[in-house]
Amino acid sequence: MVANFRNHDAQRITPHFLVYDSNMSILVDSNTKVICQGITGNAGTFHSLGCKEYGTQMVGGVTPGKGGQDVEGIPVFDTVEEAVDRTGADATMIFVPPPFTADAILEAVDAGIKVIAAITEGVPVLDMVRVYEKVRASGSVLIGPNCPGLITPGACKIGIMPGYIHNPGKVGVMSRSGTLTYEAVWQTSNLGLGQSTCVGLGGDPIVGTSFIDLLARYQEDPQTEAILMIGEIGGSAEEEAAAFAKANVTKPVAAFIAGRTAPPGKRMGHAGAIISGGKGTAEEKVAALEDAGIVVAPTPADMGDAVVKAMAKHGA
Amino acid sequence: MKIHEFQGKELFRQAGVPVLEGIVATTPEEAVAAYDKLGGAIAVVKSQIHAGGRGKGTIQDNPAQKGVVVCKNADEVKAAAAGLLGKTLVTIQTGPEGKTVNQIYVEAGCDIARELYLGIVLDRASSKPVLMASTEGGVEIEKVAEETPELIFKEHFDPAIGLEGFQVRKLCKKLGISGAAAKAAARFMPAICRFFVDYDCSLTEINPLVITGDDQMIALDSKVTFDSNALFRHKNLLELRDLSEEEPSEVRASESGLSYVKLDGNIGCLVNGAGLAMSTMDIIKYHGGEPANFLDVGGGANATQVTEAFRILLSDPNCKGVLVNIFGGIARCTTIAAALIEASQTVGFTVPLVVRLEGTEVEEGRKMLAESDVDIISATDITDAAKKIVAAVG
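Just so you know, the protein sequences line up as chains A and B, in that order. Heads up: the first sequence at position 228 corresponds to 923 in the numbering used here, and the numbers run straight through without jumps. Heads up: the second sequence at position 226 corresponds to 476 in the numbering used here, and the numbers run straight through without jumps.
Since the hints were derived computationally from the structure, they do not count as laboratory data. All clues given are correct.
Computed cross-link-like contacts, SDA-like style, restricted to lysine to any residue with a CA-CA straight-line distance of at most 25 Å:
no.: 1; chain 1: A; residue 1: K974; chain 2: B; residue 2: K393
no.: 2; chain 1: A; residue 1: K974; chain 2: B; residue 2: Y536
no.: 3; chain 1: B; residue 1: K617; chain 2: A; residue 2: E748
no.: 4; chain 1: A; residue 1: K809; chain 2: A; residue 2: G783
no.: 5; chain 1: A; residue 1: K961; chain 2: B; residue 2: G345
no.: 6; chain 1: A; residue 1: K809; chain 2: A; residue 2: R825
no.: 7; chain 1: A; residue 1: K761; chain 2: A; residue 2: N737
no.: 8; chain 1: A; residue 1: K961; chain 2: B; residue 2: S376
From chain A, some residues computed to sit far from chain B (all C-beta separations above 10 Å):
no.: 9; residue: T735
no.: 10; residue: A987
no.: 11; residue: M1006
Selected chain A positions facing chain B (Cβ under 8 Å, derived; list incomplete):
no.: 12; residue: V820
no.: 13; residue: L875
no.: 14; residue: P900
no.: 15; residue: A953
Source: prediction; values computed, not measured. Beta carbons are placed, not taken as given, at the ideal position from N, Cα and C, and that holds for glycine.
Pulled out of the complex, with its shape left as it was, chain A reads as follows (with noise of 0.2 Å):
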């Protein structure tokens, strides 16, 4: 379509992901309007501007008692009340230090902000049960804690991510791991796929946003073709999120599960993946996810291949 474009002198050039534009990825896209909660402090700062500079719109921060001043260029507000007033932002990062996360999302909650990403590593585990129902109940959507964001290529980045490395396209990419995540972007990038949008829930045992949940909103994206899922040991999200597909999807899915080869009882950097029990290991996952009809990549190489794979299943 794209090539067909540019055969046409008389059509304007069309940077190629304008074509997928429009609300045509979940939860965001380039119409959104982002701020960033504890923008003053140093890894706020560095990914506002990373944001910014990759297209987002970021409009605003905030940083209680540095209202006023700006980052940059991006105003600084004391309240997500007073920046949604005066910005119109639909959509927040927070990276506010752990003891103050559960409170700031409260806040972007109050504030009627959709989108919330909480970047932040090391908040307590009963802050995000005060939290969670919370969110539920409100509507808003929670990505994280302890994660990387999301990013619908070419629209809009809100998080960490090393935003070079996607391409607009056609997978959705979720995955409870951050680094593991771009990996697999990196794959689909590669092999000319693409990512409709990436996200990355988190690494703690309670986030705002299952597999289950995206898996939904990727089945009614015109513009996700394929999905990879990205999980790993402890827990039983990937089990569910595996009954889930098998009942209500009908897009091709890929899968990759972290920790094949970690010990029982020993936690692996993440709060959420222990082996406890003899529950959550790899082994069941696969198992799960096999018997719903997806494709379970061996190696984290593979994760790419698995997508291809899945939708030559599919007859995709």
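Position chain B relative to chain A; hints supplied.
Below, chain B alone, put in the same frame as chain A:
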């Protein structure tokens, strides 16, 4: 963060959760003094290590010596203490290498009518804490969960509210507790749920929870793990940490903000991100190697941390080669490259080093490495990296 049984019981006592009197001892003499002070005829001598299964566990070179001993007089207490202190206790949870018993807990006996199980964990599926109770106390709960899951009863609770009265009554009905014992449960169960919340626990387990002949409910054991992320609001708990129970290299890593788990292989791994670190281990194994560790340098890795990471990896005598796998997001490849170069000067690499860099500032990072005199084998992708390090360690 884990603590010992006796420490957990002290916290229980303060929280109004009934426990028996007990005294910690580090020598047989102290144990006898503790027995005399407790004043009863029967006392139980319990090994204090950070692992479950102590009652059935045995001393490594003396299988007749159990980790928990019921004693009827001072001589038995002395003998039990001598048989445990300084010895290595092997239980189903310690692995064959076992753990050294540095302390014992001498506890008063009691008249046990029933043994139950009680545990509180976070239920990830419902995003709430859950109280689990079972009639099958005193045995491995994993076994009960596997063989007779219908004997484990669960009640979820809101941390802000705690366990409601009707939930206690439901549990009592299923557990077959009535009368005065049910009244004891109505105090005990909400108190232990409040304890779980107040101290930001990730696990509170009592196995066995006993009902005495006079209908008291008492925590005969305590297994408490705190959410490390919440310790900032429980500074007083930090002094309960027993570093001798932890792997020294893991302690050292956590002091530098690194997430490290020692394993048995010979390929050291230095990776950013937990998921990528786990999959790097997986792919090493897939290509026939054995990872020596899990190591996540984290998002904001700086030169000091990466240098320390190399020190930890190279101090493992089993480490015959190191694989660095970095996909830069928050961590920039230039930071890692600079740290690699600095580490090569300060630590010195004595084993082959395979480096795979990708992500933020990758070109600059690769250039820095190419222009330095660090001796590295560079890899183009994760498979290439795994194959090269497996070949390098032979």
